[in-house]
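A.B. asks: So the chains spell out like this:
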Amino acid sequence: MDCNLVFEDEIHLNILKKILAETQPHVTINRIHQSGSRFYIGKKLFAFNRASLIKPHIVLADLDRIPCVRILKQKWITFEQSERLFFQVAVREGEAWLLADHKSMSTFLGISLNLLRKEVRQVENIYDPKLLLVNLARRSKRRQIRDGLVPKGSAKIGDLHNTLLSEYIQKQWEIEQARIHSSSLNRFLDKLQVFFTSLERR
Amino acid sequence: MFISRIILKNWKNFKELNIDLKHRVIIVGPNASGKSNLLDAIRFLRDITKSGGGLQKAVELHGGVSKIRCLSARTHSDIVIGIDLSEDNTNKLLWKYELCFNQVGGGVREFRPRVKYEKVYSEKKGIEILTRPNPDDIKDEVLLEYTHLQQPTTNSDFREIADFLNGIQYLHIIPYLVKNSRQIVLPESEDYFGKNFIERMTKVNSNTRKSFLKKIESALQYAVPQFRNLRIENDDMGIPHLQVSYKHWRGQDAKQWEDQFSDGTLRLMGLLWALLDGKQPVLLEEPELSLHSAIVRKLPEIIAQTQKKRTGIRQVFLSTHSYELLDNHSIQAEEVVLLKPTHEGTEAKLSISDEEIKTLLETGMTIAEAALPATRPPEIDKLHQLSLAFGDG
Chain L
1 MDCNLVFEDE IHLNILKKIL AETQPHVTIN RIHQSGSRFY IGKKLFAFNR
51 ASLIKPHIVL ADLDRIPCVR ILKQKWITFE QSERLFFQVA VREGEAWLLA
101 DHKSMSTFLG ISLNLLRKEV RQVENIYDPK LLLVNLARRS KRRQIRDGLV
151 PKGSAKIGDL HNTLLSEYIQ KQWEIEQARI HSSSLNRFLD KLQVFFTSLE
201 RR
Chain P
203 MFISRIILKN WKNFKELNID LKHRVIIVGP NASGKSNLLD AIRFLRDITK
253 SGGGLQKAVE LHGGVSKIRC LSARTHSDIV IGIDLSEDNT NKLLWKYELC
303 FNQVGGGVRE FRPRVKYEKV YSEKKGIEIL TRPNPDDIKD EVLLEYTHLQ
353 QPTTNSDFRE IADFLNGIQY LHIIPYLVKN SRQIVLPESE DYFGKNFIER
403 MTKVNSNTRK SFLKKIESAL QYAVPQFRNL RIENDDMGIP HLQVSYKHWR
453 GQDAKQWEDQ FSDGTLRLMG LLWALLDGKQ PVLLEEPELS LHSAIVRKLP
503 EIIAQTQKKR TGIRQVFLST HSYELLDNHS IQAEEVVLLK PTHEGTEAKL
553 SISDEEIKTL LETGMTIAEA ALPATRPPEI DKLHQLSLAF GDG
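As you go down the protein sequences, you meet chains L and P in turn.
The opening residue of the first sequence carries number 1 in the working numbering; numbering runs sequentially from there.
The opening residue of the second sequence carries number 203 in the working numbering; numbering runs sequentially from there.
None of these hints come from the bench; they were simulated from the model.
The reader is advised that the hints may include incorrect statements.
List time: in silico DSBU-like cross-link candidates among lysine-lysine, alpha-carbon distance up to 30 Å [claimed, not checked]: (1) L:K55 x P:K551; (2) P:K584 x L:K43; (3) P:K269 x P:K318; (4) L:K55 x P:K224; (5) P:K381 x P:K259; (6) P:K224 x P:K321; (7) P:K584 x L:K156; (8) P:K412 x P:K510.
Could you put the whole structure together from the sequences, leaning on the hints where they help?
C.D. replies: Now the structure itself:
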């Protein structure tokens, strides 16, 4: 079976690819719609809902500053959602799901597990996961991490943010560990399983 | 008249292609999918008809039969190019032309391209008015080294096709070549690669040239507000050059020659000139290059405006990677040719024939939003993960 992906950024893409490869190995990716912003996904969700009648669509967006998932869904899903459209939200950003695998993340960042655990007790409560990641990277023992993840000037992320984190996702990030500490990831994985099981049944 | 259908077999990337075309044809696809090769097929027909052209010359200009032939061609290695020509306003079919060729020779004999068949169908007469090989060709096979399309003595019944193809223009301005035209020796080419761009401008009669330059100048006013009074001036050697007055902090404007223009300015001038000059199809290779995204967004409408000629509608072919160019609700899915590389060569289809794209367009998306994802290379996100840094690997 093949499906289309709709998401905001490269971190999302790598997360989705890893999740699909590990939990739904029979699924292949057909087309990729990278939007660059959450607002775009919100505006076009109706279109992807229609297109999902032709190919199943998996949509992942960040919650960012919106108070809660329910409010975001109320605002965006103003139509009858197709059973072939899978839509879930990362609380508050994809990076939070990455931080949720404490052990791998501390190894990757080159900081102690204790320090990471102290800062990342509840990933769902982190207001700005990208900023936290940057602040942790500042304290890294690894020069490559400090150089690549800490932003320069007015930039919000480091100049190798996507490169380094994509590699982390592919080689180090463990989904089963991360879902323990992130309820939005856990919900994503449970619902994805249900989604594909019901698609196959039909 | 316009090219309403193109048929290719074993042409470069394309093992097989058969698509309907509109007056605006926009070719999209990943790198190396064959966007230029599709334009190249049309240029090939043009090269057959131009003076000093012909089949042998056209094949030579396009790299020889072995470079033209599709890598996926196996038992059937003949190369076919066919076109339908239709009437501008009614879209009624007028002509069909189809050429099939291959090469003979080998061993001590030089390889020579040779016509396998050549056919012309006239809708007016309702019959095929040319079918080769004919008895003469069978008697003297050397005749098959020439198309009937290229020879005035043999194309009199379908001269209209030859004249039409001969008028096709191609634009791919390389600013470096325009600026250094005296130092660089290029193989002969009638195309707007740059070297002969200004020379082409001088060949137009002076009133038309003045009117074109005025139009370009008025468009440039918005894109490059410092520019005024665009003209062609000869240097001491009598060689024509582009010149503008350039407004700056001093009271009097400064003069600038084309070698001082920015790449974007030159490309925009070339693009506007190519759109204004001529009635037959114009082929544009990535017209967005070097241009500000705000200008690129205007290109579809600039093109639409210049297509309407007193004599009919001028057909425009363009290849593009530009999101901005395609992010325009006026572009129809029927105009967009999607290329997709496969192991058996590149597949080409109109984006209207893709159900997903069609559905997304119905909900109000633009071609950029709906169709570009279909051209994205599947593993492109891994590009930056290569060991590009010094010392790695």
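A.B. asks: Determine for every hint whether it applies to the structure shown.
C.D. replies: A quick look at each hint next to the structure:
Between K55 of chain L and K551 of chain P the CA atoms are separated by roughly 19 Å; this keeps the pair inside 30 Å, and the hint holds. Proposed proximity of K584 of chain P and K43 of chain L is supported: the alpha carbons are some 28 Å apart, at most 30 Å. Distance hint between K269 of chain P and K318 of chain P is fulfilled; the C-alpha atoms sit about 18 Å from each other, no more than 30 Å. Restraint check for K55 of chain L and K224 of chain P: satisfied, since their Cα atoms lie roughly 29 Å apart, inside the 30 Å limit.
For the hint linking K381 of chain P to K259 of chain P, the alpha-carbon distance of about 29 Å falls within 30 Å, and the restraint holds. For the hint linking K224 of chain P to K321 of chain P, the alpha-carbon distance of about 23 Å falls within 30 Å, and the restraint holds. Restraint check: the Cα-Cα separation between K584 of chain P and K156 of chain L comes to about 22 Å, which is no more than 30 Å; the hinted pair holds. Between K412 of chain P and K510 of chain P the alpha-carbon distance is near 20 Å, which keeps this suggested pair within the 30 Å criterion.
In this structure, every one of the numbered hints holds.
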